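Okay, here's what each chain looks like letter by letter:
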Amino acid sequence: MSNIIIAEHITKRFTEHTALDDVSVEIPTGSVYGLLGPNGAGKTTLIRVINRITIPDEGRVLFDGKPITQQDIYRIGYLPEERGLYKKMKVGEHALFLARLKGLSRHEALVRLKEWFTRLGIEDWWDKRVEDLSKGMAQKVQFIVTVLHEPRLLIFDEPFSGFDPINAELLKTEILRLRDKGATVIFSTHNMSSVEEICDHITLINKSKNILSGRVDEIRHSHGNNIFSIQFRGNESEFRQSATMAEIMEYNHDQITGLTTAKIHIESNDNVRSAISAINNAVELRSFTEIIPSMNDIFIRAVNGTLTE
Amino acid sequence: MRNIGLIIMREFKERVYKKSFIITTLLMPLLLALVSVAPTLIMIFAKGETKQISVIDNSGIVADKLESNEEVSFITLVNADLQQELKSSLEKDEFGVLYIGEDIVTNPNNIQLYTNTSSSMLIEDNIADQVEQIIKNERLKEYNLENLQQILDKVEVDISLSTFRNGDDEQSTASSSAASSIVGIILGFVLYFFLVIYGSIVMQSIIEEKNSRILEVLVSTVRPFDMMMGKILGVAAVAATQIIVWGLLIVTMSAFVIPALIPDDIMASVEALQAGADVTAMAASGVDTGMVTAMASIMDTGYIAQIIGLLLLFMVGGFLLYAAMYAAVGASVDEAQDAQQLTTPITIPIIFAFIILTMVMNDPNSPLIVWCSMIPFTSPIVMMGRIPSGIPTWEIVLSLVLLYATFVFMVWIAGKIYRVGIFMHGKKPSFKDLYRWLKY
Numbered sequence: 213m214s215n216i217i218i219a220e221h222i223t224k225r226f227t228e229h230t231a232l233d234d235v236s237v238e239i240p241t242g243s244v245y246g247l248l249g250p251n252g253a254g255k256t257t258l259i260r261v262i263n264r265i266t267i268p269d270e271g272r273v274l275f276d277g278k279p280i281t282q283q284d285i286y287r288i289g290y291l292p293e294e295r296g297l298y299k300k301m302k303v304g305e306h307a308l309f310l311a312r313l314k315g316l317s318r319h320e321a322l323v324r325l326k327e328w329f330t331r332l333g334i335e336d337w338w339d340k341r342v343e344d345l346s347k348g349m350a351q352k353v354q355f356i357v358t359v360l361h362e363p364r365l366l367i368f369d370e371p372f373s374g375f376d377p378i379n380a381e382l383l384k385t386e387i388l389r390l391r392d393k394g395a396t397v398i399f400s401t402h403n404m405s406s407v408e409e410i411c412d413h414i415t416l417i418n419k420s421k422n423i424l425s426g427r428v429d430e431i432r433h434s435h436g437n438n439i440f441s442i443q444f445r446g447n448e449s450e451f452r453q454s455a456t457m458a459e460i461m462e463y464n465h466d467q468i469t470g471l472t473t474a475k476i477h478i479e480s481n482d483n484v485r486s487a488i489s490a491i492n493n494a495v496e497l498r499s500f501t502e503i504i505p506s507m508n509d510i511f512i513r514a515v516n517g518t519l520t521e
Numbered sequence: 002m003r004n005i006g007l008i009i010m011r012e013f014k015e016r017v018y019k020k021s022f023i024i025t026t027l028l029m030p031l032l033l034a035l036v037s038v039a040p041t042l043i044m045i046f047a048k049g050e051t052k053q054i055s056v057i058d059n060s061g062i063v064a065d066k067l068e069s070n071e072e073v074s075f076i077t078l079v080n081a082d083l084q085q086e087l088k089s090s091l092e093k094d095e096f097g098v099l100y101i102g103e104d105i106v107t108n109p110n111n112i113q114l115y116t117n118t119s120s121s122m123l124i125e126d127n128i129a130d131q132v133e134q135i136i137k138n139e140r141l142k143e144y145n146l147e148n149l150q151q152i153l154d155k156v157e158v159d160i161s162l163s164t165f166r167n168g169d170d171e172q173s174t175a176s177s178s179a180a181s182s183i184v185g186i187i188l189g190f191v192l193y194f195f196l197v198i199y200g201s202i203v204m205q206s207i208i209e210e211k212n213s214r215i216l217e218v219l220v221s222t223v224r225p226f227d228m229m230m231g232k233i234l235g236v237a238a239v240a241a242t243q244i245i246v247w248g249l250l251i252v253t254m255s256a257f258v259i260p261a262l263i264p265d266d267i268m269a270s271v272e273a274l275q276a277g278a279d280v281t282a283m284a285a286s287g288v289d290t291g292m293v294t295a296m297a298s299i300m301d302t303g304y305i306a307q308i309i310g311l312l313l314l315f316m317v318g319g320f321l322l323y324a325a326m327y328a329a330v331g332a333s334v335d336e337a338q339d340a341q342q343l344t345t346p347i348t349i350p351i352i353f354a355f356i357i358l359t360m361v362m363n364d365p366n367s368p369l370i371v372w373c374s375m376i377p378f379t380s381p382i383v384m385m386g387r388i389p390s391g392i393p394t395w396e397i398v399l400s401l402v403l404l405y406a407t408f409v410f411m412v413w414i415a416g417k418i419y420r421v422g423i424f425m426h427g428k429k430p431s432f433k434d435l436y437r438w439l440k441y
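Protein chains in written order, with this note's numbering: chain A, 213 to 521; chain B, 2 to 441.
Simulated from the structure, these hints should not be mistaken for laboratory data.
It should be emphasised that the depicted structure is a prediction, and the values quoted were computed from it without experimental measurement.
Be aware that a few hints might be false.
[Stated by the list, open to error] Pairs of lysine to aspartate or glutamate residues, derived as DMTMM-like cross-links and limited to a Cα-Cα distance of at most 20 Å, are as follows:
no. : chain 1 : residue 1 : chain 2 : residue 2
1   : A       : LYS299    : B       : ASP335
2   : B       : LYS20     : A       : GLU294
3   : B       : LYS211    : A       : GLU294
4   : B       : LYS19     : A       : GLU305
5   : A       : LYS299    : B       : GLU336
6   : A       : LYS340    : A       : GLU305
So that you can see chain A by itself, here it is in the shape it has in the complex (with noise of 0.2 Å):
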């Protein structure tokens, strides 16, 4: 898979602090990528860098494998932090102004507006002011414009902020939607159940530095951190006997089922065999799994600084 973005070793500093140090990103054509971290940890200003907005002091973009250009920027659609429309103008009229500086023409852009009004439920905005607008509406609003030229690469900065678990909901499935459709699509979040459910590769961020890129799936069973979750009929007293090889941190018997579940540490993966078949011996064991961490777990442990590889 060839890559959209390649940001190589990527410093920027301001005046009071550094914010990025020594970043690099590679971000895969076609995939959905997250870039998690902290508020301050240098997020916007490496979408600022991939976009060309800011320029880094050290360090290199690549757009298709090429050093980026002005010309890569109409390719790219851009949905800001914050958000900023003119405030006296009409939304619809405001929309087609902006679809149009993306270069659609006038006839292009009202047939792809009135679509995406009438897809989000927003057709009766049109005639609105945007200074009428609330703070999830104008989002909805942007989100549009900055879809509508049917970019290839797509970044939305917290594009979730602002938005009730609705209109939430239906931006992911729009994302989701635009990935299926060719689209790349980078986003900045703090919502971490949105990035288990639309990423595909993650980039963590913390004081302005990269300290976790990879595939979503992979970044979680790789740290995993050995617990088990079990569910087993039989003696109590048997199974702490055989459970000598792991460290047992939760234990519940239910009465009317007879039936016990409990949560289990190994220490090493190479116990992990012979500690079930010991358990497996003592008692009827009936089920077993491993517990993935969730990547808010990995993200807090991560930025804690306890996040063992």
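Position chain B against the provided structure of chain A, taking the given hints into account.
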């Protein structure tokens, strides 16, 4: 180019459809008309009652010759005593008493005005002028000259210099440099007026854009140069619309007023001159030839269209250049308050140019003036004064090229500042940074 067009249209629509714009555009000429008739109106309404002045004339020469008018009326008292008259004057509710001494002709200071209320400059001047004239005539009389009045009339002279351009290519056009210079100065002021108003509109709108965050969307969509150029041209189009509407309104209004103001005989001479009559012949007939040639040249459409056309080119160029400078200021600050001190240096060349413009009248071809009419920051205003007096075409072309090239360059600079200024976060750009930005 397409994007510039779109931005121009947006800027134009946003401003022209504003209620405040429509109202000021329509009301301003009315207001101007009101202001121009205001003095007359005030005169009509402010006219007080006629002031009564009792005159005690011990010389017996002056009192009879004093002429009463709407302001004052003089009542001559015979054999009156000043002290008594002063008392009775108070009771009679008069304006006051004028005392003229016996030896007024030889001693012009022997004249006093006693007023019952506060005096009025207008009346004092009126009396002084009249008495002066009377004494002058009395003194002349003492020489016993015959035909005194005829001699005086013959001596009276009023020079009006007719100037001709000694052109080698075209027929000599009677050009009154005074009239043309007035056109130039008026256009210069119009330019200044629109610069100050619309320049700050450009600046404000850029600052607003930075604060409303729309710029991040725009910067990731269009080139900053297109952005700036569109904004400046859009606002310029608004200014042009306003000028055209005002011009039309003023012309239609004055179409009814001006013919009524010009005396018929002058109008006839103007038409005669346009028809090819000889100026010198006309001078003999006692018509004010300076006035006639000036008016003829104003009304000579071919000549005036050419000059106005050139002046407009300079005016538009000057407007665009200064608007671009305002744009650069807007791009480099975050708040309107910060912009204040940065706009001051912009207005200095304009004021300097106005000072030069007043010198153009004396000598349109002095080296300082020629240089100032080439330097883009002063040329729009200085050329306003120079063009009507006639200068070589190459100078005009060179000056225009310099002006418009500087404008485009300034827009480019403003665009760069805009781009760099956006996300600097208080970091002062070093020269190295600036260089890299210019290349990016």
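Results of checking the hints against the structure:
Between LYS299 of chain A and ASP335 of chain B the CA atoms are separated by roughly 19 Å; this keeps the pair inside 20 Å, and the hint holds. Restraint check for LYS20 of chain B and GLU294 of chain A: not satisfied, since their Cα atoms lie roughly 30 Å apart, outside the 20 Å limit. Straight-line distance between C-alpha atoms of LYS211 of chain B and GLU294 of chain A comes to about 11 Å, which keeps the hinted pair within the 20 Å bound. With a C-alpha separation of about 16 Å, the suggested pair LYS19 of chain B and GLU305 of chain A falls inside the 20 Å cut-off, and the hint holds.
Simply put, LYS299 of chain A and GLU336 of chain B have alpha-carbon atoms about 18 Å apart, close enough for the 20 Å limit, and the pair holds. Using a Cα cut-off of 20 Å, the hinted pair LYS340 of chain A and GLU305 of chain A holds, with the two alpha carbons roughly 10 Å apart.
Comparing the model with each numbered hint stated earlier shows that hint 2 is the single one that does not hold.
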